[in-house]
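Starting from the known structure of chain A, arrange chains B and C on it as the hints suggest.
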Amino acid sequence: MILRKRGVLGFLILLVAVLALAAAGCGGDDDDGGDGGGGGGGAVEALPSASCGPIRQGEEEPDALIASDFPLQGANRSLTTEMADAIEYMLEQQDWKAGDTALGYQSCDDSTAQAGSWDSAKCSSNGRAYANNASVIGVIGTFNSGCAKLVIPIANRESLAMVSPANTYPGLTEGGPGTEAGEPDNYYPSGTRNYARVVWNDQFQGAANAQYADELGLKKIFILNDGETYGLGIATLFSDYAKKLGIQILGNQKWDKKASSYESLASRISSSGADAVFLGGIVCNNGGKLIKDIKAGAPNVQLLGPDGWTPISATIEGAGAAANSMYITQPGVPVDQLKGAGKEFVDGFTEAEGKAPNPYTAYAAQAAQVLLAAIEKGGTDRAAVSSALFETDVTDGIIGTFQIDENGDTTLGLVSVYQIKNGEETYVKSVTPELDFVEG
Amino acid sequence: MNIPGLQPERRAAFDRELRPRLIKGGIASVAWIVLVIIFSGFTTSLIISTAILLALYAVPWNMLRYGKWVVPSVAIVLAITYPYYRDDLYEVPLFGPFPSVDTAVTMTIFIMMAIGLNIVVGYAGLLDLGYVAFYAMGAYTAAWFASPHFGESVGNVHVGSVGVNPEAAGFHVSIWVVLIIAGIFTGIIGVLIGLPTLRLRGDYLAIVTLGFGEIMPQIARNGDNLFGTGFNLTNGAQGINPIDPPGFGETIAGWTGLPADYLSFSSTFLGREIGGIEVFYWTALGLLLFTVFCSVRLRDSRLGRAWIAIREDETAAAAMGIPLMRTKTWAYAAGAFFGGIAGAYYASFKSGTFPDDFFFNISVFILCMVILGGMGNVWGVILGGGFLAYLNQEGLGNIGAEINDTLGTNIDVPLYQFGIFGLILVLVMLFKPEGLIPSARRKAEFEEGAVSEEYLYDARGPVA
Amino acid sequence: MATQARRLPFPTLAGRLPQYIAPALAMLLVLLVVIWLGVNFIKTPSEFYRLFLIGLTNGAIYGLVALGYSLVYGILELINFAHGDVFMLGGMLVATMVSSFGLAGDSGLFLWSMILLMLMIVMAFCAVLNTTIELVAYRRLRHAPRLAPLITAIGMSFILQNVGLVWKGARPTSVDSILPRGEVFTISGVTYTWDKLIVLLFTVPVLLLLMWLVQKTRQGKAMRATAQDRDASAMMGINVNRTISFTFFIAGALAGSAGLLYALYITNIRYDEGFRLGLIAFTAAVIGGIGNLPGAVLGGLLIAMIESFNNGLGWATPGSDWTQSIIFALLIIILVFRPEGLLGEQVPEGG
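Residue numbers (my numbering), protein chains in the order written: chain A, 1 to 440; chain B, 1 to 464; chain C, 1 to 351.
In isolation and in its complexed conformation, chain A is listed as follows:
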């Protein structure tokens, strides 16, 4: 009996060993010198291959590295890989150089497959990898604000420059509505800022959403949030701004992303007499089912969503016909209305990749442009690159003309409104909330 057990086990081990050998062996002969991206190219030290892809570089051996930090697995996969492609595209446009510095680029992943989204252990471990690798002079990321809260302080201690194309949580750069006590200073232990973003923060988006809801004549709004950093934040901000505009907020409730049905929630909405529901959260958190159930239980409410519901195609795919008539806002101009450098980027990227970029992809390209400009000024000195970020003055960049202010926020403020009609996204208009309204 025992012998038989051993026999089977031995056989299994043998089988695995043979498979492993076969797997490693097949490519062994033609790739002897290559080393799985682990050992790196020449002068620069590569980031660990467990979470980062191989170094991409031009003809020249790179003097320094930049890295991007996005969740490359799970629900956002197609968007985030496209963003990484856009960064690579931008580098290619500049012949992998910023000024005199030849650059290499690694795309790093801060997600785990089973979470399907960012993972705190991965984020902080990536952050330490960037900070401790002297070759890295800039990071483009993160995608999620929660992850940024972990990475920024680590990078800050080493004055490593970060530019985010997608973090919209206000507290990362400034205090005020929708932030917690101590923010943002607790993310910058060195006292000097190192983080900038090219996307408008949620204060503006919340204000713009509230303003647009007011324009639509909605009087009673029920708010749902997914309880996460982004969702809860934008829901609270929307609620604040909407109240200022005299809109009645009937409730602000969490939806459980793991629930199998939201019928009872929908019934609560319908009995509250709301004429609209604002969905503060992201489509990946079971958003499709949520929309379906709300529309089934309360067919007459107008749905409003912030940019967590982009790419809009994901919302349409998840919710089907129930998504029709939903308004979704997104910071920035739609990609097909970009002009100048933006149009060039969109056309070039479409040609290179075979499909039009998402709006966030344009932001990734813009973030790359900002970081490359800073490297051009600062060279390979981390502190110089970081401080150069705050002198950014982009004229006719990919997403337009803007500066980065002393907090690291962009001055470009514009929110586009889309509506889903017959399973297609259609651009409605752009909204720019007054600065006084946002801050006051």
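Worth flagging that the hints you see were computed from the coordinates, not collected in a lab.
Mixed in with the good hints there might be a few duds.
[Stated by the list, open to error] Each computed DSSO-like pair below joins lysine-lysine, with the alpha-carbon atoms no more than 30 Å apart:
#1 A:219 x C:43
#2 A:355 x C:43
#3 C:43 x A:243
Here is chains B and C on its own, set in the frame of chain A:
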């Protein structure tokens, strides 16, 4: 030739032990060396490291005087000096480079948790599927006592904190104190959970602990407005961060040269540049050694023998006068204690804690370490825990990169992560239920079938 | 003999306390719940009806899954963690079939025959899958300590979840809505729709059929005998292994049918849905009295009602944030104070 520390008359027995092991180990070593040379080329480190392993394995150290200390002390020395030679190590075929120091910290912490769980599952035989709850309690304790979190709601308390502004808001207690608080606090929680539930039979206990493991993250997630009172206990899904780094403070650092604060530490020690990460690693190693020491001492104590007696036959143990409830509760408390310390240290290492970190998968992940290594055996659990934590953190990604690199495919290996863990659980249970390094007693149990659950005869055959 | 020893009366905390305390606490709890429901009913009656109907429908699905747990536990005393994931894979199979058959927008006889066909396929698929799992992961461990099969069950559950993840990805898979969702009747402004009725119309006969199978047929007798005492039934000439396989087959078929209902009614399925729902269903089985078939359905209904009322009611309601915690707290309370469940007898047996 005399071998120091060996009585001459035992020489023959020594040789008898040595020879077959030398042959077996020698063949394995040569095969390994050839394999590595073929796939990743020759390095001196390969020969040296294989030789050390061979010596550790082949020589019957136990026969020598002080010999039983050789293997543990060599292992400890190797572990401590790891940051010094890690970069010179060879690349393992398929797995790529050896784990980075960063990964080694995580591995060490998970091994600690596995050892804690081993006390509950391995020693006392109580299946706990909610161990993540203790990890969470530890992490949140660290978050409460060493972050700005309570600044607004409660007030500011500074006790020996390092690396933070003395005027900073919130509780800032030195991490060393926090670790102790976390251990004791989770231990108490362990007792509280244990008291009502430990009376249940094995699988009911499993499901109840699973229930606790599911409730805990929900409390963490919704604890920003606890029961509608407006009190912000856990800061909800936002998580609590930044958590203070460990450190010894400027004063002690000035006297001893120990790091004032791990995150901004950097110095040169024995010819190598030492940054925060190495200090994190050594501290984790220290905590691990403490855990291993306690675990081994506990196992051999009166209490430990009572646990094993309960595991083997509850009724008989009770009949022999072992107080079942108290003994089981102690197992829970001890397991929870180490889980809490590990959780608190991990939170400080990550400098943040989020409710999403504490899902059921983690409980199973830690259970998997215990099962793979060998329930009840500390050394096995260390091995199993280290390997699985490495796989999770770095290994699967590396294997994926390696496979895709050589084959030119695009297989997303980490995608199969929990399938792989599931497979490990199933295969180990089916073919080697006593684990990689079984404890002798446990092995006997598995081979004989459970003592307490013996069937009268085998109902397997075709009776009808 | 040995099996007798394993089934000592449950040692409960209640045994330690004065005898009247546990019932008194239970009465108090029930009273509070009744008051809560009553006030909510008076405040918003139509809301109450609506949530009741939602709970009834979800409860039927939970009940179907719980039946599978109950059957298996009854016979093997094993919590088959993989059961929920078998259900999930069944749902995913249905999702695939609905889209590949292009059923969206169809109606009438064709639709119903296709649904019937899918039901057959998915039941067969899940039944075979479940039987295979038993064969591979549990049979070898029939004589191992109890923890061993429990651990392989968790392992199998993880493997199946991974299959689901690789198959459909991390995002929920949307299933085209093909069930008619028209109105059956309306009371006080609340519409009862066909899809809900279909779920009920399906569950009730399945339950009756299963009861008949377990109570009246030869196979059912063998199942009950095996559950009661495996050794004795083997001596009586019952093929124990075949009986256990048969039980897994039936449980799998139930999971498959639940998967179909879930996919068509809920119209969304995700790889970890099975595990989550499996936990709920297991809780339902325990609350009802594990091994007791009507108890499983009752438990399912109870949990679905709690969930529905807690998510939807307005007055003094903890809200959806706490639903999961309430359900598990209930599980813990039941296990600690009345491990035999609501309908179970002191010694839980199959059937």
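Now the hints, each set against the structure:
Simply put, residue 219 of chain A and residue 43 of chain C have alpha-carbon atoms about 24 Å apart, close enough for the 30 Å limit, and the pair holds. Between residue 355 of chain A and residue 43 of chain C the CA atoms are separated by roughly 55 Å; this puts the pair beyond 30 Å, and the hint is violated. With a C-alpha separation of about 27 Å, the suggested pair residue 43 of chain C and residue 243 of chain A falls inside the 30 Å cut-off, and the hint holds.
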